[in-house]
Each structure stands twice: as C-alpha cells, then as structure tokens.
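Hey, can you work out the whole structure from these sequences and the hints?
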Amino acid sequence: MIVIDRLHKSFGTKTAVDDVTFSALDGQITGLVGPNGAGKTTTLRMLYTLLKPDRGSITVGGVDAATQPLEVRRRLGVLPDARGLYKRLTARENIAYYAQLHGMDAELIRRRTNSLIETLAMQDIADRRVEGFSQGERVKTAIARALVHEPPHIVLDEPSNGLDVIATRTLRDFLRQLKVEGRCVLFSSHIMQEVAALCDRIVIIAAGRVVADGSPDALRELTKEQSLEEAFVKIIGAATVERLA
Amino acid sequence: MSPAVAVFLKECRESLRDKRVLINALVLGPLLGPLLFVSLLRLTISHQREQADNPLPVVVIGAELAPNLVSALEQQGLQLLPPLGDVESAIREQRISVALRITGAFADDWRAGRPAQVDILYDSSQRSSGPQIQRLRTMLEGYSRRVGFQRLIVRGLAPSLSSGLLISERDLATPQARGALLFATLPYFLILTAFIGGMWLAIDSTAGERERHSLEPLLTNPVPRDQILLGKLLAAAVFSFTSLTLGLMAFSFAARLLRSQQSGMSLSIGPNVMLSILLLMVPLVLLIVISQMVVAAFAKSYREAQTYLGLLQLLPLIPSIALGVLPLTPQLWMYALPLIGQQLAMLRLLRGELVSLPLMALTTLFTVAAAIAAFLIAKRLYESERLAVNA
Chain A
600 MIVIDRLHKS FGTKTAVDDV TFSALDGQIT GLVGPNGAGK TTTLRMLYTL LKPDRGSITV
660 GGVDAATQPL EVRRRLGVLP DARGLYKRLT ARENIAYYAQ LHGMDAELIR RRTNSLIETL
720 AMQDIADRRV EGFSQGERVK TAIARALVHE PPHIVLDEPS NGLDVIATRT LRDFLRQLKV
780 EGRCVLFSSH IMQEVAALCD RIVIIAAGRV VADGSPDALR ELTKEQSLEE AFVKIIGAAT
840 VERLA
Chain B
351 MSPAVAVFLK ECRESLRDKR VLINALVLGP LLGPLLFVSL LRLTISHQRE QADNPLPVVV
411 IGAELAPNLV SALEQQGLQL LPPLGDVESA IREQRISVAL RITGAFADDW RAGRPAQVDI
471 LYDSSQRSSG PQIQRLRTML EGYSRRVGFQ RLIVRGLAPS LSSGLLISER DLATPQARGA
531 LLFATLPYFL ILTAFIGGMW LAIDSTAGER ERHSLEPLLT NPVPRDQILL GKLLAAAVFS
591 FTSLTLGLMA FSFAARLLRS QQSGMSLSIG PNVMLSILLL MVPLVLLIVI SQMVVAAFAK
651 SYREAQTYLG LLQLLPLIPS IALGVLPLTP QLWMYALPLI GQQLAMLRLL RGELVSLPLM
711 ALTTLFTVAA AIAAFLIAKR LYESERLAVN A
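Keeping their order, the protein sequence lines are chains A and B. Counting from 600, one number per residue, gives the positions in the first sequence under the working numbering. Counting from 351, one number per residue, gives the positions in the second sequence under the working numbering.
No wet-lab data here; the hints were simulated from the structure. Note that the structure is predicted; figures quoted are calculated from it, not measured. Certain hints may be false.
[To be verified] When the alpha-carbon atoms are kept at most 30 Å apart in a straight line, the in silico DSBU-like pairs for lysine-lysine are as follows:
hint : chain 1 : residue 1 : chain 2 : residue 2
1    : A       : K833      : A       : K613
2    : A       : K686      : B       : K369
3    : B       : K369      : A       : K613
4    : B       : K729      : B       : K650
5    : A       : K833      : A       : K823
6    : B       : K729      : A       : K651
7    : B       : K729      : A       : K613
8    : A       : K778      : A       : K823
9    : A       : K651      : B       : K369
10   : B       : K650      : A       : K686
11   : B       : K650      : A       : K823
12   : B       : K369      : B       : K650
13   : A       : K613      : A       : K651
14   : A       : K651      : A       : K778
[Unchecked claim] Cβ-to-Cβ under 10 Å is the rule here; a few derived chain A residues that face chain B:
hint : residue
15   : F621
16   : Y647
17   : P668
18   : V671
19   : R682
20   : E692
21   : H701
[Unchecked claim] Not the full set, but computed from the structure, chain A residues with beta-carbon under 7 Å of chain B:
hint : residue
22   : F610
23   : L624
24   : L650
25   : R654
26   : L669
27   : R672
28   : V677
29   : A681
30   : G683
31   : R687
32   : L700
33   : F732
34   : S814
35   : G836
C-beta: ideal position from N, C-alpha, C; glycine also.
In structure tokens:
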C-alpha cells in the first residue's frame, strides 16, 4: 500500500504540489488523473524519491520514503515519464542491467527476464538493440525493466503515451494481471477513458491539489454525470474556478 | 555483484559499441599527439638543416669597395644578391631578412691596417632570421680573425699573442637530455591523451544520460548515487588510461623512428620509463575524469558539455607553457601540484633521469587528495535534485 499524506513541493515561487493526500491499496489499480501541469509527475517523482518533498510524508508498504529511500525504491517498480532505454544495448541487456542494480544473481535474472519477455510477447525483439524500436516496443522493454525485481508496488507515469491501440490493449491486460496478483498499481494519465477502463479508484488532481478521490461510480454520482469524462471536466472546471476566485 | 561494478560493466559495454567513442578514445586520441609531434619535429629539423646547408643570400651594399672580403664570404656560402634601393625598408617589410653594408671609409681603413667597419642590418623581431644573422656574423668574425693573424705574422709577431684566452666549449647534455629539450611538450601531449580518452564517457554518463532521459529511470533503482558515480568514473578512467597507454606506445614508436633518422639526439621511451609514467599517471587520470564528470554535470546538453570539456583540456597547457617559456628551476613544492608535478616528473623520466621514490610519493599523495576532493564535489552534485530532473 502507498500512503501519501499532505505532500507539498514548490520550485522557487511556483507551487507544484499543494497538500496532496491519497492512498493506493494493494490488489487495486489507482489512477492519478489531471490536466497537463497539474502536479502528477512531481507527485510521482517524490514517491520514487527522486525529489524531496518540502512537507508531508510518503510510505510505501509501511516504509517511510524520507528516512529509507533505498528501501522504498526496492519495493517499487517505476516506469517514469522518460523511458530512457540504452539504445546500444539489447532489450534483454537493458532488463538485466536493472536486475543487477537490484542485486539479483545471474540465474534469477535469466529466469525473470525470460518470463517477462514471454508475458509481454517480446520474444522477437528481446535480443535486438533498442535503437530502432517502435514506441510500443520501447514501453514494453521499459516495463519489463521496471518489474524485473517483482516489486509489490508499481508506479507508471503516463504509460500509454504514444502507444497504438493494440499496444494499449496489451498494456491494460498486463496491468490487470498485476492487480490480480495482488500488487498495488498506481498510474497517472490525462486520458479519462483509459482511467475509466482500468481503475478501481480515481484521484483527480488539478493545480497541485487533490480535487476528487473515489471509485468511478462515486465520481459519477458526485457530479450527477453519466460519462466519467463529463464528470472529470466538471470537477476540474469547478476546481479551477475556485482557485481563480 | 556490487552496483558500482554493474554500472561499470554496462558503461564499458555500451561505449565499446559506440563507434564515436571508440574512434575518439582509442584511435584518434592516442595518435593525435604523436602525429602532431612527429610532424612538428620533422618540420623543425628539416628547416634547421636547410638553413645550415643552403647558400646564405645576403644583399651587400658597397660590395665593390671590399672585393677580398666579399669573395672570402662567397667561399663560405654567401650568395650575393643584387643591391636594392632602400634596404632598410626592405628589411622592415620582410622582403629580405639581412643585409651587409660596407661604407666608403672601408677601403681607407683597410689599407691603413685599422679595423674597417661593416654593418649588419636586420630586424631582431623577425625570429626566423636569427640563424642567418648568426651565420653571417660567424663568417665575418672568422674572416676578421684570419686577417688579424696575417697582419701579426707580417709584423713578425706570433698570432697567439692576440689571444688571451683559448675558449673551448663542451656540451655535457647527454644525447637523451638534448632530445628531451625538444620533447619538453611531450608530457602535455600525454596528459591531453588522457583527457580525450575519458572525455566521451564522462559526458555520456552525465549530460548524455540526462539528455537521453535515462538518468531518471536509473535513479529509481535502490542504489546509492555515489555507487552509480563510482561505476561511471571507473569506466571513464579505464578508457582514459587505455588511451594514455596506447598514446605512450605510439610515442615510444615515434621516438624510435626519429632516432634512427636523426643523429645527435636520442629519446628512448623504454618499458621502464613507460611503466613509471603510467604509474605516475594513475592518480592524475582519476583526477582528470572526476573533474570532467563534475564539469559535464553542470552542462544541460551533450554539446554544452563538449564545449566545457574542450576548454578544460587546455588547462594542462598552462604549466607546460610556463615550464617551457619561464626559466624555472623545478622546486620541491612544484611536485606537490597536480598536473605540474606529473609534468616535471615525466620530463625527468624522459631525460633518462630517475625520479626518487619520495618525489613520486609526494606527487601521488597530493593528486590523490585532489581526486578525493573532486569526488566529494561530484557526489554532492550527483545527489542534488537538479541533476536528475531536466531543468
């Protein structure tokens, strides 16, 4: 379980994240939704300890991120906004590199890599250099790399960015499978349909604040809208008006 | 496997697959110094040789006033040029480099047995004319002495009376040391090779990794950042050191080539000298690559980092120039300064002298201390938020 409590972060005079509180449960997919520049990436960066919060706390599986960042990262599998694969290495070598950084031994690395390559249907690209991969192939490789240590918590920043329909479907199936395995999946998106299709719980964030938090049904009820997208627009709109006032 | 080792192996593997890194670090870097060096040296040697063997063209004004003198000079290789109208401005404008003027009083003085005056006209700011002037002066002095001796003999005196001293010069520089004089810039070239060898990896693993957006995912791994830094800088150091070793071998080969062509000086870079130099350079290589990584970490992009590091590699040129231009006698404290200490010690080694163990230790100790300080700075930079997040 991931618990984020009254998180605050500013860069200079600009407040990026302002008092954000939410949690993501094990065996659930939680969606962090908001318009561009709402503070999603900054929140996630604090979660995987790349940035230090000004205030507030984060725990991952009961471990505090401020005091034990290494332990937190050990429990997390992260697909950041920047995929950043090494283009002169093959997909398999990219995956194995992160496994080594997690301190796994050669035999375990081989087994896990093979199983991920199979699950993500990457057999035909596994031993090719990443240079020249399609967007979908890159995302698959980056996901395999992020999950090679079998983390109980998985954080994905805009995972479907730049993916075609087929690749998006593969990704969704994969995330559902992770949920069935009882893992805690948290991902950010600015596409409402995607969140509606996948999430058990939705956290809407706008201008650095959480403006709504609940199941898709609860959000629809709150706004008296049938479509989740309409609900989203309504909530964001209200939040923006409130901020401006 | 320790994370630093994993990072090290990955950096090496990736770089070995990068043609640009390979060509720059392992081919161009090591060959650049020796090639530049050999061609410069050959140019100088052939220039000097040309000047010594070729006729010396001189404009002589009033040659008809001193036919004996002129014909004696001509026997020694002087080539009489047709007189010009305005010799002084011709020299100033560099159309000719030297002229000899014989005035009207010459013939009278000559006949009367008084010293007869001749003027050498030249522009001392034209350095290239120096050897020619020297040659002309030597010719004139030789002629003057011969005539003086003849006059003494005519008067029945022993010519040796006129010499108070008998000066004989003996140059005690060993052929090796004489070579080393020419090779004084060699330490700079070697240090430059180390710079070039490490540069690509240093950029690639900081500014490059950030530009390709792979730094952020890398930092999500449960690895302390100094381990990542350590792995990267070891990889850069290995490339730098390999480059240096190859460069040194190329120099050794070039020195052998030059020695067989050119008598009078010898520079040998034997296995012992090579080993000593490599040993001496280990801490400096570390200091160089850490400094490169620190500088590259400040750059926003690969290109920017390249510019910064290009400037950084001019740094070792300063002590080289200072040592070459200023008549400095190496002092003990100079050996404590990184870059300078290694250059001084390398010069001694190349001259065929020994560098004492305490002196080696002094240089090494201070350079290691500087490398540790640089590492701490790099570590701080690496741990800052600014590094990972694209600004």
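Handout entry: Which numbered hints fail
Key = When the structure is compared with the hints, numbers 3, 9, 11, 15, 22, 23, 25, 33, 34, 35 turn out to be violated.
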